[in-house]
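Undergrad: Going down the list, the protein sequences come from chains R, Y and X.
Here the first sequence stands for residues 1 to 336, numbered as in the working numbering.
Here the second sequence stands for residues 1 to 443, numbered as in the working numbering.
Here the third sequence stands for residues 1 to 307, numbered as in the working numbering.
Worth flagging that the hints you see were computed from the coordinates, not collected in a lab.
When the alpha-carbon atoms are kept at most 20 Å apart in a straight line, the in silico PhoX-like pairs for lysine-lysine are as follows:
1) 84/Y x 210/X
2) 436/Y x 186/X
3) 3/R x 116/X
4) 311/Y x 3/R
5) 7/Y x 220/R
6) 92/Y x 210/X
7) 431/Y x 182/X
8) 210/X x 81/Y
9) 50/Y x 210/X
10) 431/Y x 186/X
11) 215/X x 92/Y
12) 182/X x 436/Y
13) 325/R x 7/Y
14) 327/R x 7/Y
15) 92/Y x 216/X
16) 295/Y x 3/R
17) 361/Y x 3/R
18) 92/Y x 116/X
19) 186/X x 92/Y
20) 364/Y x 21/R
Since this is a predicted model, take the numbers as computed values, not measurements.
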Amino acid sequence: MDKLITVSPSPHIHSGQSVEKLMYGVVIALVPAFIVSLFFYGIGAIIITGISIISCILFEYLIQKFLLKTEVRIADGSAMVTGLLLAFNLPSNLPWWIIIIGALVSIGIGKMTFGGLGNNPFNPALVGRVFLLISFPVQMTSYPVPSGMSTPYISNIEGFTGPTPLGILKEGLKQGTPVAELMRDLPSHLDLFVGNMGGSMGEIAGAALLLGMLYLLIRKIITWHIPVSIIATVFLFTGILYLINPVKNADPLFHILTGGLLLGAIFMATDYVTSPMTPPGMLIYGVGIGLITIIIRVYGAYPEGVSFAILIMNGFVPLLNRYIKPKRFGEEVKNG
Amino acid sequence: MLKTFTKGGVHPAENKLSVNQKIIDLDLPASVSIPISMHLGVPSKPLVEKGSEVKVGQLIAAGAGFVSANIHSPFSGKILKLDKSLDTSGYKRDSIFIDIEGDTWLPEIDRSSDIKKEFSYSAEEIIQKIKDAGIVGLGGATFPSHVKLSIPRGRKAEYLIINGVECEPYLTADHVLMLEKSEELLIGTSLLMKGLKVDKAVIGIENNKPDAIEKLQKIALNYKGISVQALKVKYPQGGEKQLIKSILNREVPSGGLPVDIGAVVFNVGTAFAVYEAIQKNKPLIERIVTVTGKKLKKPSNFRVRIGTPIKMLIEAAGGLPDDTGKVINGGPMMGKALPDTSIPVVKGSSGILLIPAEESKRKKVEPCIRCSKCVSVCPLGLEPYLLMALSQKSLFERLEAERVMDCIECGSCSYICPSGRPLLDYIRLGKSEVGKIIRSRKK
Amino acid sequence: MNSTVLYTILSLSGLGASSAIILYFVAQKFKVIEDPRIDDVEEKLPAANCGGCGFAGCRNFAEACVKSDDFEGLYCPVGGNETMAAVAKILGREAVEQDPRIAVLRCNGDCDVRPKINNYDGTLSCAVASALYGGDTGCQYGCLGFGDCVEVCNFDALSMDPVSGLPVVNDMNCTACGACVKACPKDLFELRKRAKKDRKIYVACRNEDKGGIAKKSCAVACIGCSKCFKVCPYEAITMANNLAFIDSDKCKLCRKCVPECPTNSILEIGFPPRKEKEELAAKDESTSVIDKVIDPEKQDIQNTKEE
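All chains, full assembly: derive it from the sequences and hints.
TA: In structure tokens, the structure reads:
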């Protein structure tokens, strides 16, 4: 550098935090869940994840370089995280071309149309996932039956695919079967916890996801507010329903461990760009997601509601940011 | 038991390189320029002119206005001229130039090292003597101390808090003062207690100075009403609002003053200056300055006469390292980068920090990822990302509503931002504009 | 007809009709009575909403004009005399006229003549840098080159010259709205009286340091020597704080001061090039060249070919 003195405004030191460190931290936190889905879903897990991540990064590069002609920022890790989370929301036997469409929608529509990193109001991975769910309902709801490393990566093979525990629950309840009876055919709580259940790649392993959450909390990548408020709300709400009518409602623990709740609460709802900026705001956000999720699961047409709940609450985030302020120091304002 | 403030804060590396360095006196320079504005408020009016002879401790500029301070000559010699000179503001401002001859002090100043404990002044006399001595807050804010001691009508002071926290990394001036001048410090505290008419004083010290805590705790046993409180190491523990919250668990109201909740805060350096002024008839003409930096040969704590060019301090500490990037007046979080080393030490210079070139370049600015880390570290409960955006869009009414004037400019937000966004730069701009609007409203 | 269709048509029509009726009454109740002249005046304004008049948008200016008795303190710099005449006609008042003005940057200290003495690494905003210190050159009064002025100009009349590092005013687009004057923290912009063919003579410097110090920081600084002041036949130049200032309202563009300046601090823009120094009798008043140049107002249109 020059021999000249440098002058700039304070502060003159920096914590060393960077966007890359945060993004790659999230990737590391997802590794346990990835290993579990590898264990249950075999090669499908690798293919889905690989295609998703590569497509997301590629689309971000192409759009930034040739369409928008702005600075190319694929190294900051945000596209990789979107790709990873998108993959975790998909069945591990999803055809490759559907994944690519999903990546295009996630990055292109969910992120780039709003101005790139930091400007999107909706979680890009969820935008992609919900788009695919509505456009390709059959492929998106036929989950492979977990059969370990030898699970083939091809969809719609007879006997190799089936619905998720929540799907079975919903169907059963529609036909009037009492919950207790349904539970006999569903995986036990322990099975759900370790991942021995049908579902998308990231949904299955409760234990692995909670491990990831611990890592994120220790590294201060997320705070406790959003995951705890979502899980607590779900627990409370389903607990009340279960107490009122155990015949028609599954127990709270079942609800927490199935579907995308843990994945959503820990990794999707905590996405920086689309979540509130203040702790009280985060709590309200979390409660909203919990409530909407359960309303959809119990009263709605879909068996699973986390993705929709998060996207709906994403829409409320600007309102929360505008009116829910952090607790100020010295609350009372002096006049003059 | 460690106390601390509950909201926000960051933990920069302490780097107290000069912690074990005893205070060293510097040689005198050959000629100096003393800025007439080394304090908050109205610049002082020079009382000397070209050719006047001055002695050490002589009044050379008088406070001009309610919030202003006297300036005394730290040297003996002849006034060379009254002209503009580069000072710590980064601009050339009116200064008194002195050609130094010898080191003749005013006879009334007691230069012995005897410690004088007894005093029998009234509160008003104490405040007057502090005013006469030109004492200002030596923590860096340089608010004229006699003004702080003049309690507004309708308020009452309950506690005196002495700020021995020194939360900025690298700085050790207050630490070494607490160790070497402990008795004098406590006498100064007693004098301030008398001036404020309070009977309770707490000296707050961060827990990374266990020797100072222990020493002062022991000596304070001989002083009625003075206690020492150890505080958790967290930046900005030394900010007066955070300090009061930690010690008394009271929050200064937004837009208000500490005295509104019964507390008055003074830096340890100021308390020591009060001792010297009242017990030794010595006006504020010198202070302890830490000179430090990773590549500096001899990080030190110097006793420096006001007006000494910073260049001399750096030379005495082993010379300017080859690859120096920044020369900072103060600490790394709130200090001001200087464009030149000929700038003189002023009343508020607590330290000179030399940052190597490889650590002097700012992080590249990236888009805001809305991680809300800035919100979580702000000790005042503000939303820095929002204040920056509003400031950039010149939405000053909304800025005021979002309490931008509460900001203490501690820098925690810019420090933590993963995108390297210049949050504090824009918040300062916003504060400046909103301040102008508020002042014009009052007229 | 199918009853479903009937019910649909009836209910939707009912909804539509009731909404229309409610809206009508609400509009009537909350109607704002405004002087119709405000609309007429607003129509005559340039609709730039630039704030140059001192009001927040053209409509507010129109309101102020209608509400006031005269045009005291009311002038649209963008529309100029033409617009003010049109507005005056609507309001039945006498029109006000002002000399058209143009923004001028009173600094010519580019990177060649004003070397850097430190390295600024802060936010590239003039406001931020100026709040911090005097700048990365020896002259604390000079242009910082970060373009706060360019950003704030609504008329695309300012751009940053990449070579000199100084902003350049586009004479054609400049409306003298004053936004750049407000934006520049060093107060370098001045709205000077516009002359024929956009000619300008001005001291491109605001340095108040003593001559020796000023010259050390910038080779084209005004050193306050007063030579220009002494030759001005129209008393248009004033000296204060080691700095010369040419009053554009008094200046007749005679060009006498320009060659006097030892540091070339006075700029003359838009003039034909001078003859050789020997022929140019800047100190001698009796040559024909000077006659031609002294009163440019008298030059007729054919002379524009010289440019």
